[in-house]
Amino acid sequence: MSPATVLAVTSAAATAVQGAAAAPIRWENLGIGPIALDLGFFALKWYSLAYLGGIILGYWHLSKMVRQPGSPMAQRHADDLFFYATLGIILGGRLGYAIFYAPELFANPLNLLKLWEGGMSFHGGLMGTVMAIAWVSWRAKLNFVRVCDYISVCVPFGLLFGRLANFMNGELWGREAGPGVPWAMVFPGGGPIARHPSQLYEALLEGLILMIVLLVLFWQTKARWRPGLLVGTFTLGYALARFTVEFYREPDAQLMDFAMRTGFSMGQWLTIPMMAVGLFFLLRALIRKPLGAAAAGAVPA
Numbered sequence: 009m010s011p012a013t014v015l016a017v018t019s020a021a022a023t024a025v026q027g028a029a030a031a032p033i034r035w036e037n038l039g040i041g042p043i044a045l046d047l048g049f050f051a052l053k054w055y056s057l058a059y060l061g062g063i064i065l066g067y068w069h070l071s072k073m074v075r076q077p078g079s080p081m082a083q084r085h086a087d088d089l090f091f092y093a094t095l096g097i098i099l100g101g102r103l104g105y106a107i108f109y110a111p112e113l114f115a116n117p118l119n120l121l122k123l124w125e126g127g128m129s130f131h132g133g134l135m136g137t138v139m140a141i142a143w144v145s146w147r148a149k150l151n152f153v154r155v156c157d158y159i160s161v162c163v164p165f166g167l168l169f170g171r172l173a174n175f176m177n178g179e180l181w182g183r184e185a186g187p188g189v190p191w192a193m194v195f196p197g198g199g200p201i202a203r204h205p206s207q208l209y210e211a212l213l214e215g216l217i218l219m220i221v222l223l224v225l226f227w228q229t230k231a232r233w234r235p236g237l238l239v240g241t242f243t244l245g246y247a248l249a250r251f252t253v254e255f256y257r258e259p260d261a262q263l264m265d266f267a268m269r270t271g272f273s274m275g276q277w278l279t280i281p282m283m284a285v286g287l288f289f290l291l292r293a294l295i296r297k298p299l300g301a302a303a304a305g306a307v308p309a
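Heads up: take any position in the sequence shown, counting from 1, add 8, and you land on the numbering used here.
Hint data in this document are derived by calculation from the structure and do not stem from the laboratory. Mixed in with the good hints there might be a few duds.
[As the list claims (entries may be wrong)] Derived pair list, reagent style EDC-like, types lysine to aspartate or glutamate, alpha-carbon separation capped at 16 Å:
hint: 1; residue 1: Lys-72; residue 2: Asp-87
hint: 2; residue 1: Lys-53; residue 2: Glu-179
hint: 3; residue 1: Lys-149; residue 2: Asp-88
When you get a sec, could you build the whole thing from the sequences and use the hints?
In structure tokens, the structure reads:
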């Protein structure tokens, strides 16, 4: 084989390898899908599993937290919160999605009950959870802010699972990625464009990192003795994470024009008041003196 032929073959091979390396990842080639377990007569979806796992893990961790010194509530209050917060997450999340993202669902209210078709809003779920906490706190005469502190530590579990479920479903994909993003993916329904896997960005920032920060604050510091510090950290941290990720996440199709006109997506606009609320509670907690053991441990009978 002549040197010229060897050079030509080598050049062709290098070009093929470079082209293969530059090819974007295709979501359908990852061997994943919306169904976590299919028994034929019953199919368990990742989305349902994410909600179930997040709620159960959150309840388990909250039960561990209330056994520590300084808890603002007893186990019976955690049990009540588990029930009412679950209702708040589901009802608030669905209604929030309809209000903020899909008002057409109200044309046929029965569509609101079709949870298996997806469509849940974190901000709606958050409002539903806050209402549930307020109800349990008022009825049991608990300190509302301190209860929110404890609940906020458990929320990132559900956020992490939920965003991973979005990725497994191949939904809520990101904006078009440039050539310098080797992990860009082509998603079903997203056209031939390589996009940011923004679901994984959210799982990392809103879920894993925020979870680690809050767990360290609760278990390794005296943050629980400063009312509002944990919930302020969560609220501000989530808002900043969501605001950042929205630059990489494709806006909902029905709100594309809204994002173009206002410069921000609906998700970003909804996080701005969250930033203000989180910053308020964070600064308030740092300025005030921490609670004493006697005051913190007083739980109504």
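We went through each hint and held it up to the structure:
1. Restraint check for Lys-72 and Asp-87: satisfied, since their Cα atoms lie roughly 12 Å apart, inside the 16 Å limit.
2. Distance check on the hinted pair: Lys-53 and Glu-179 sit about 14 Å apart at the alpha-carbon level, within 16 Å; holds.
3. Pair hint Lys-149 plus Asp-88 holds up; C-alpha atoms about 13 Å apart against a cutoff of 16 Å.
Violated hints for the displayed structure: none, as all numbered hints are satisfied.
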